Amino acid sequence: MQKYSIFSLVKNALTGHQNWDLAWKDPNPKEEYDVVIIGGGGHGLATAYYLAKEHQITKVAIIEKGWIGGGNVGRNTTIIRSNYMHDENGLFSEFGMDLWRKMSQDLNYNVMFSPRGIINLAHSDAQMNAYARRGNSMRLNGIDAVLLNREEVKELIPMADFSDNVRFPIFGGLMQPSAGTARHDAVAWGYARQADSMGVDIIQNCEVTGFDVSAGKIKGIRTSRGNIKAKKVGLCVAGSTNILAEKLNMTLPIETHLLQACVSEPVKPVLDKVVTFGAGHFYISQSDKGEMVMGGDLDGYNSYAQRGNLPTLQHVLTEGIAMMPFLSKLKMLRTWGGIMDMSMDGSPIIDKTHIDGLYLNCGWCYGGFKATPASGWTFAHTIAQDRVHELNAGYSLNRFSTGHLIDEKGLGTKTWIS
Amino acid sequence: MRSQNEFSYGGDATVKRPEINKEVTDQEWDNFVYNRVSPRGKHLELWQHLSGCRQWIKVERDTATHEIFNTYKANEEIA
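Residue numbers (our numbering), protein chains in the order written: chain C, -8 to 409; chain S, 4 to 82.
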């Protein structure tokens, strides 16, 4: 594989950029693989990469219905953080933060990781107390957290509304300085390029139509490009998990919902933090191109549409304008939607299943992108060793029936309750 | 025609609560509380006309196209 560097850039610039290697190949499916990963998104590509790198399993195929990186890894708001209170989420995400920090070097691909910090705004004394508690829990798990008062927040984001007559005045906030953003497409492409170079087959335009299971063991998958035998199969298809589960006669604690995001026209640098509104559900950051990247609530009903409706967008942007009134002056550049696996407790599932050799990675709700490296790493471990790692032991499928829910914020599918 | 803003979603309408005064297994509770089919296509679901007459209704809707095929009263049994 051609290594990317300043020298390769200069050399290829001088030859008119005609001699770059393809970043990954376009192979036909082989008859059999040791591991088949269904879903060529961030989590699937990362899983294949860590299978090859950490476990030396390279007879691996990624089966993607469309094109790699075309789903939620290309549709998110690129926020990376580990500001969780519960141990399961905090330790898992902080392990991921470490992988994010090393990712550009590790993949020889600039993922533009920008640890600019995230501020969760508080709008009442009670919320300040809750943030103090969450911040302390984070620090006990080795995650950086700083409780900011109103003046300190004003220093960092003076463009927010600090006037006295607002409905939700800013009391302060909880900041994780090491959180930030990354270039989402680069994450998918970086993992794909490295996985491909280690022998993983990335098979695009190949839809999974069924599974071959006999005597409680997975034997292979059926696809639009023929049958493929596999010793192990991993599902990484957030947004389509329920569709594939139905083909396996499994009913999961997941509903498929739609989440919208949007960007404004590009403007000069104004916001160098990720900020979330504490009196509703709205988050914002500014991209390197100058666009304000925004998102918020689910559309609120089961949907596979991959496009949203206006009432939710209006609701979300109303919150944004309440928090930062200057947003009302901006023109909207693009809006789009992605379909999410909404698990019933708002936390993901990375586990084995009742079918031998079939593994499940799903239920990422609002937070799939930031989990990409940790999810791939732990899922690869779970598949390779046929047992869960301690980092994803809490993300079990049976936690719902045993009562061991990870109820971080009470945000599952039921947005109408919150 | 009423605006979508007036309505609030109430989830999958095909889920049935286990019968009272009957032995209920953990699996049955699990299915009732947590597990959902969440199909792509026709989906029978509960909606409430929250900013209106406050009636609960059942709606048969396509989860991919948002087309609405039918509406029913909340207590109507559907074949």
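Treat the hints with caution; some may be incorrect.
[What the hints assert, rightly or not] Chain S residues, not near chain C, derived (Cβ > 12 Å throughout):
#: 1; residue: R20
#: 2; residue: T74
#: 3; residue: I81
[Claimed, not checked] Heads up, simulated DMTMM-like pairs for lysine to aspartate or glutamate below, C-alpha to C-alpha not over 25 Å straight-line:
#: 4; chain 1: C; residue 1: K322; chain 2: C; residue 2: E282
#: 5; chain 1: C; residue 1: K343; chain 2: S; residue 2: D29
#: 6; chain 1: S; residue 1: K45; chain 2: C; residue 2: D288
#: 7; chain 1: S; residue 1: K45; chain 2: C; residue 2: E237
#: 8; chain 1: S; residue 1: K61; chain 2: C; residue 2: D288
FYI, nobody ran anything at the bench for these hints, they're computed from the structure.
Just so we're clear, the structure is a prediction, and the values are computed from it rather than from any experiment.
Just so it is clear, CB atoms sit at the ideal spot from N, CA and C, and this is done for glycine as well.
Now for the hints, and whether the structure bears them out:
1. R20: 16 Å, holds
2. T74: 14 Å, holds
3. I81: Non-interface label on I81(S) holds, nearest chain C Cβ at 17 Å vs cutoff 12 Å.
4. K322(C) <-> E282(C): Given pair K322(C), E282(C) holds - Cα atoms ~10 Å apart, limit 25 Å.
5. K343(C) <-> D29(S): 20 Å, holds
6. K45(S) <-> D288(C): Holds, because 24 Å separates the two Cα atoms, which is no more than 25 Å.
7. K45(S) <-> E237(C): Holds, because 14 Å separates the two Cα atoms, which is no more than 25 Å.
8. K61(S) <-> D288(C): 24 Å, holds
In the structure shown, no violation is registered for any of the earlier numbered hints.
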